[in-house]
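A.B. asks: So you can see what is in the structure, the chains are spelled out below.
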Amino acid sequence: MKTQISYLTILLVAAFMVASVHAEENKRPEIGNKAPDFTLPDASGENHTLSDYEGKFVVLEWLNHECPFVLKHYATGNMQMLQESYRDKGVVWFSIISSAPGKQGYMEPDETRKVTREKQAKPSAVLLDPEGKVGRTYDARVTPHIYIIDPQGMLVYMGAIDDRPTTNHDDVEGARNFVSEALDLLLEGRDVDASTYQPYGCTVKY
Amino acid sequence: MDKKMPISSKIAFSRRICSNRNMQEIPLGWSRKKVRDVFSTFTAALTALVLMLQPVHPPLLLAGENPGESRVAVTLLPGVSGVAEATSDDGMFWVGVQMDIREDWHVYWRNPGDSGLPTTIRWDEHPFLEPGEIHWPAPDRFDEDGITTYGYSDQVTLLVPFRVRQKAADTHGQSGSAGAKPGAISADMNWLVCKDICIPESTRIVLSINASGQFEGYGPDFAERIEESLDRVPKSVDDWAARAELAEDRFKIILTPRTDKAVVPDTGDIYFYPNIQGLIEHTAPQKAVVRDDRLVLVIPVSRYLRSRPDEITGVFSTGESWLRDRRVPNMELTLSVSGSPHDK
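First to last, the sequence lines map onto chains B and U. Numbering of the first sequence is given in our numbering, commencing with residue 1 and proceeding in unit increments. Numbering of the second sequence is given in our numbering, commencing with residue 1001 and proceeding in unit increments.
With a straight-line Cα cutoff of 35 Å, these simulated DSBU-like cross-link-like pairs (lysine-lysine) come out:
1. B:Lys119 with B:Lys56
2. U:Lys1252 with U:Lys1195
3. U:Lys1261 with U:Lys1287
4. B:Lys56 with B:Lys89
5. U:Lys1235 with U:Lys1287
6. B:Lys34 with U:Lys1252
7. U:Lys1235 with U:Lys1252
8. B:Lys133 with B:Lys122
9. B:Lys133 with U:Lys1252
10. U:Lys1195 with B:Lys119
11. U:Lys1195 with B:Lys114
12. B:Lys114 with B:Lys133
13. B:Lys133 with U:Lys1287
14. U:Lys1195 with U:Lys1287
15. U:Lys1287 with B:Lys34
16. B:Lys119 with B:Lys89
17. B:Lys56 with B:Lys114
18. U:Lys1195 with B:Lys133
19. B:Lys34 with B:Lys133
20. U:Lys1195 with B:Lys122
21. B:Lys34 with B:Lys119
22. U:Lys1235 with U:Lys1261
23. U:Lys1195 with U:Lys1235
24. B:Lys133 with B:Lys89
Now the stretches of chain B that chain U is said to cover, found in silico as 3 or more residues with beta-carbon under 8 Å:
25. 160–173
26. 196–206
Read the hints as simulated data drawn from the structure, not as lab findings. Backbone N, C-alpha and C define an ideal beta-carbon position, used for all residues, glycine too.
Excised from the complex, chain U in its bound form (with noise of 0.2 Å):
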């Protein structure tokens, strides 16, 4: 490269750069190591030399962004069939933004962990349907050499409510009268895909709302798909009171039960999601106990905590339930923390 190259041409080399990777597919359903042979395999006879024992060219592992070549499909489900619906209802409607995951691959939750990079959606102004924040079905966990990272394989549909705002819904007519714009709900969308590398990757979604008002490409079971991941959003509950002490560089967080539907679930898979980044050691092991009847978590707080916060907000996650009467295995609660003010 010519040393004096400008930014902007340093920037079209590295996307030149990046779709040259396009060409290597990996295809489904291969391990890892079998990938790595075949493409050892493949540079050896590539450069017709004797060099079997030289490590894998790292690039020929990347792809680009060629959207040909995702690695996550996207589809959208509204949980309508179209604004008549959601107006009669409450006049609000979810959309499920499903993401159909290669194998072996994952994306982020809200909090990614060590690494990574939740998924965004930015919607486009629409003069009548008005999204909200999205709610995350709750993550797995990943470890990616030796950290821990928070997520999502194989398939996830995060879910976005839609408001109907009826004024402006009625002055753009949308009951079927002659002339109304069909319209659509539109948003740009980006997210992370890892393995043992990183891709970014992003689509454009797109909802069109027909001159009738329904939104095409709607399902009878899309509802029902709502309503499967709506069950994996962790439940606010008031049956369960939480709070956390802060003392020697770990976070004491102490449940207890307030009504007598609050159960305590097996010790052994509890595990505690803050909300963000930057709050507890995500790789280390939680540890919880059962004091009286209450339930106690020991979890090491991240070494990048520059002061003790007010309250942190999270997902209490159990493979059981954390009520008697209906299965609740995920939980968000906001504690708020005492302790001494932590300064490193």
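For reference, chain B alone in the conformation it holds in the complex (with noise of 0.2 Å):
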């Protein structure tokens, strides 16, 4: 009989734990809700909590080196430019990489340190997520995939990083940047215009 209830406790713990598993997998990330919390390491191996950012706005900017569509805003300095600029303003700025490993834009945190240095790239931190689980919560789907988190932790902007949905450098410049246009009327204290637009970029590669 004891034995029966240990194995039933089992059982509606695991069935338990199956049914929040599931839950956390179907609960994607909307405008104007709160952002899903996460702790990831950056390359250094120090841990980053989101929910300890609050009372700054913080960006989200999903990864890989090796994608043309992530090279354009690199090779140019357009990302760089856009990291110190607005981490100057008081934003945090994280990159995520949620490539698997032997996948296409993993690296290792000691590769991830150097690339980090030779593209002289300015993020807060390099956080990584080589299990794709902070990728899946947020269904980020390209590479770059832009989200914008204000003070209370919500979730106010999510999509593309400019309406140029292209690989070629010349681009960058005139292209309309939805990440800059987003940050300067919040930090002015207004409402974003467009909360939403279709990424592009390369998969991300889970």
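If you follow the hints, you should be able to join the two separate chains into one complex; please do so.
C.D. replies: Shown next as structure tokens:
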């Protein structure tokens, strides 16, 4: 009898765990809702928890340095410029790599540090998500895929970096950049005009 | 890299990385697993370390922009022998832009789906031959890491209509008169080709016209090959009417037969491809059911749609036919959209 009960308990606990994992998976981020919390290590091994940054605007940038759409923004210095200028204004900027080991864009921590240095990238941190858990929670589909979270932890923008879905480096200049547009408005205390825009890029290599 | 390196040098630097990757050619017909295995071995041998369990170094799988290694070969197929033949018809002719795509790779349709990029052709101005928009054969669906894209593998022939501006052609004395400028129609063509990774490629396409106004390289079977490709281009069909209702993050598309030529195909393989991104959830399965004699298709709305569109144009695809009297597997229709304004 006692054994039976403990089996039952295990079963119930297991069923509950499956159910809660399932619920977690279904919870896609929506504009105006709380952005899902997460903890990820950066390339130096230090953990970052999203909710620790409440009170600040946070940008999440899905990253794969070998994707030609990403290369367009790094080779022209556009991404570094955005990272640096908004960090100067108090914005926290996380680049997140969700490529699985062995897939394009995956990097070990030391290589991540090296490439970040070489590219002169200026994010607050490059976060490593090799299991793709955070990427899938946010339904990040492409690189670069951008999310902006406000100081209350609400999602206020998700989608493309700009309105030129190309790999042509010449297209950076003159593009309508949704990230700077949104951040400029938000930092003035105003609402974002376009809170979503169809993202473009390479698929995230989960 | 030097911290103070200017942007132009950074571009040069990144291009150099790309060209180094050119050395890694992937032979035709290899499975992905085999490629991976070979590279693993190669990496291990190279480093002379016991690192067989280490993941493949990703840059080894990348290749660059060297045209000699293009994953797509482009051939131009003029549908007529020359300017004279086009003029004697109705002043209009097709140029097929045939793309032969390496095994396991694909290029994209006008709406690439969740990622990717449509092929573009930027024609140079010609004194009397005027290009129109690309006519796209119906696409296939690709699953890329759990998201859905639309495009083509193996081979596709994009079709570009050309119009002969008669007066201008006469002034240029194309009908074999001495001293006529032969010229050419030419364009810059760009595409993105993807497998598990994506490579932007480009080429210069040129169709030369000789002194007597003939297209160089014209083949007698070109007209037939263009016909074959035109068969794959979705048809505008008056025999079906379509509209959509937007409610609760779903489009309900209702197709109604307008004539007795319209026939409801097997509902199992019906799929709606919108001509532009950002309307539907491309990954979602599309369920078609027959209600009375109408066909109802329910498709989840894209989370990137901000407001209700007035209308949507796209392609209804089936393995069978939408018409009784001729085979039309792909029809293009414009749907008016009703329902509450969609605000997220």
